[in-house]
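K.L.:
Okay, here's what each chain looks like letter by letter:
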Amino acid sequence: MQPPAEHVHWMFATGFLLLGLLLLARAVVGEEVWRRRTWRAYLWPSLLFGLGVLMWPVMVFFTNSTIHLVAHGMWAQTMMVGGAAELGLLRGKLHNRAWQLAVPLALAVSGASLLIHEQNGWLFARAAFLHHIMGWTALVGAIFPLVAIVRPRSRVWGSGLALTLVVLAVFLYADRDVAPIFGHLSPLAGEPHR
Amino acid sequence: MRRLLVVALAALVFPAAASAHATLTKTQPQYGTRVEQSPRVVRLDFDQTVDALPNAIKVYTADGKLLSGPTHTTTGGRVMVAPVSRLARGGYTVRWQAISADGHVVSGVFTFGVRQKAPSASDAFGAGGPTTEEHVVRWLYFVALALLAGGLGFRLLIVRRPFAPAAQRRFYQLVGVGVIGALEVGILAFLLRAEDALQLPFVDFLYGDLSPLAKTRFGTAFVAMTLGYALVAALVFLAWLTEREQLLWPAFLLALGFASGLSLSGHSAADAGSSWLSELADWLHLAAASLWVGGLVQLAFVVWPLEPELRRRAFLRFSKLATLLIVVLLAAGTYLSILRLPHLSDLWTQRYGHVLLVKLGLVSLALLWGAAHHFLVRPRLEHGAPLFAGLPRSLAGESAVGMAILLAAAVLVDSKPPPQPVQKQLDVAARQR
Chain S
1 MQPPAEHVHW MFATGFLLLG LLLLARAVVG EEVWRRRTWR AYLWPSLLFG
51 LGVLMWPVMV FFTNSTIHLV AHGMWAQTMM VGGAAELGLL RGKLHNRAWQ
101 LAVPLALAVS GASLLIHEQN GWLFARAAFL HHIMGWTALV GAIFPLVAIV
151 RPRSRVWGSG LALTLVVLAV FLYADRDVAP IFGHLSPLAG EPHR
Chain W
1 MRRLLVVALA ALVFPAAASA HATLTKTQPQ YGTRVEQSPR VVRLDFDQTV
51 DALPNAIKVY TADGKLLSGP THTTTGGRVM VAPVSRLARG GYTVRWQAIS
101 ADGHVVSGVF TFGVRQKAPS ASDAFGAGGP TTEEHVVRWL YFVALALLAG
151 GLGFRLLIVR RPFAPAAQRR FYQLVGVGVI GALEVGILAF LLRAEDALQL
201 PFVDFLYGDL SPLAKTRFGT AFVAMTLGYA LVAALVFLAW LTEREQLLWP
251 AFLLALGFAS GLSLSGHSAA DAGSSWLSEL ADWLHLAAAS LWVGGLVQLA
301 FVVWPLEPEL RRRAFLRFSK LATLLIVVLL AAGTYLSILR LPHLSDLWTQ
351 RYGHVLLVKL GLVSLALLWG AAHHFLVRPR LEHGAPLFAG LPRSLAGESA
401 VGMAILLAAA VLVDSKPPPQ PVQKQLDVAA RQR
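So the sequences go chain by chain: S and W.
Heads up: the first sequence runs through residues 1 to 194, numbered per this note's numbering.
Heads up: the second sequence runs through residues 1 to 433, numbered per this note's numbering.
In silico contact screen, one side only, chain S against chain W (beta carbon under 8 Å); selected entries: (1) Trp-56; (2) Pro-57; (3) Ser-65; (4) Ile-67; (5) Leu-69; (6) Arg-91; (7) Lys-93.
Bear in mind the hints are in silico, worked out from the structure with no lab data behind them.
Note that the Cβ used here is the ideal one computed from N, Cα and C, for glycine as well.
All chains, please: the whole structure from these sequences, using the hints.
P.N.:
Here's what the structure looks like:
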């Protein structure tokens with residue numbers, strides 16, 4: 001018995017919202033204050049890693065197409081790698097600065113996967129619209145953590161990733177399995193169920 | 001790969017131009033089910049409107065006889081229906097294709113049984129047999145399991161203390177490759193099996209419905225093993241991050257436990273003569289081989305180059321464990337060979353027998369190699385003699401033979417064992433009824 005896809009989207013929306021709020025809090029108070037409590041620094045990368053682990057059940061239980069399975073597998077892995085790299089850097093287990101690229105790359109690859117696996121047009125249905133806009137948001141949003149690597153003290157770039165994640169969460173909360181977008185729903189999409 | 005890249009880029013650049021595709025929501029008969037009476041029609045419900053060509057739904061018998069009539073759509077184009085002639089007792093394959101209103105083709109395959117169990121989707125009529133790619137992928141899966149379970153087992157059962165930093169890094173690299181390999185290769189193996197069953201061109205395969213495959217024994221094993229190894233990956237990562245060695249124990253036990261997915265979905269679970277005992281023997285065989293080969297790799301590539309003080313102790317301890325593993329390996333392997341080869345002559349008359357002979361030849365070589373280590377090198381080390389200079393090369397050589405055995409095992413697992421005597425087949429049929 002599978003839950004409706006929209007319920008799974010909302011669960012991950014909650015995860016991304018928490019992630020975004022944590023990053024936003026860090027950007028507001030600044031890195032030094034944020035790290036005064038050691039455990040605080042571990043919060044967001046641990047959450048990101050955990051979300052990656054939780055994406056595996058979604059991959060294996062929603063197998064209605066090959067591309068769907070591959071896309072969910074990609075998100076599971078990018079989130080785990082992004083979280084793991086940040087945790088490794090924090091803990092001093094990773095020393096190469098190239099690992100800082102893991103989060104922007106994870107966001108970019110996730111965005112590309114969103115766009116590739118959604119094969120319907122923007123106004124086909126709300127879910128299709130959201131996949132497109134989330135894909136482009138993630139792709140563009142990847143610039144924030146990328147620039148933040150070279151400008152670590154900038155609050156603008158620091159809060160960019162946080163806001164990107166909050167926006168992604170809002171989009172995911174707006175998802176319904178079959179629902180119109182701006183009053184438009186393709187007749188091919190099926191009956192809206194609310 | 002290039003095709004995949006082109007398709008991916010095209011879909012990314014022109015997403016709106018890519019076509020809408022319908023998803024199958026319900027089938028009648030339901031896939032993978034046994035029905036007591038012959039259905040009059042095969043009906044497929046979609047979440048969107050579709051067009052159907054006259055032969056959009058094809059129903060085949062196990063030997064490929066087509067029993068379905070022309071397909072038509074109903075309910076505003078969301079349902080495809082094809083009449084079928086009266087179906088006798090047996091397994092049936094449904095192959096279907098639907099065209100979305102803007103021309104995109106979605107396809108799939110499923111099976112059902114009339115008064116008997118439905119055949120597995122991977123045994124559907126028209127499914128291709130295992131390919132060379134599948135042999136290679138299966139082999140990579142075995143190698144990944146050996147690196148993961150064997151590496152963890154070596155660390156926990158043989159070394160039993162933290163490594164020096166450089167050896168620690170190498171240990172986690174090898175185990176990390178193992179767990180990532182188990183996840184990635186597992187996905188690839190599932191997709192290759194699905195491609196065999198669906199028999200679709202590449203682009204159509206991207207939109208092929210994999211749900212029937214996910215409900216097979218193989219699919220269930222894929223689901224369980226993917227979830228299990230994702231958890232193992234998390235545990236290994238946390239052990240590395242927090243330097244808490246105790247986290248490696250649940251990772252080790254889960255890695256060994258979830259390897260049983262292969263035993264519960266392969267010949268030992270599905271073929272004539274299979275029982276809980278054959279499944280257990282298969283799992284013990286796989287677990288012992290993984291621990292042996294993975295342990296050798298750790299000994300040759302972690303301990304020998306990076307932990308000189310540990311060499312003698314690790315070699316002596318591993319030698320004891322290897323003896324036990326080889327006893328388990330041989331006992332389980334002999335039992336399974338007797339079960340799968342009803343006649344001794346099958347060894348030289350059947351393809352399965354030929355592959356088994358190659359595997360036995362490699363196992364004999366590995367046993368001789370191991371015996372030389374056990375009976376010649378071990379007593380000298382126990383008496384404090386200096387370490388034999390060629391030993392690291394010799395250990396690497398034994399690991400290489402172990403890898404070659406895993407390759408032979410991969411081909412063997414994908415090969416069909418010779419037919420069983422009639423009584424065994426009747427027993428299996430009775431169980432299926």
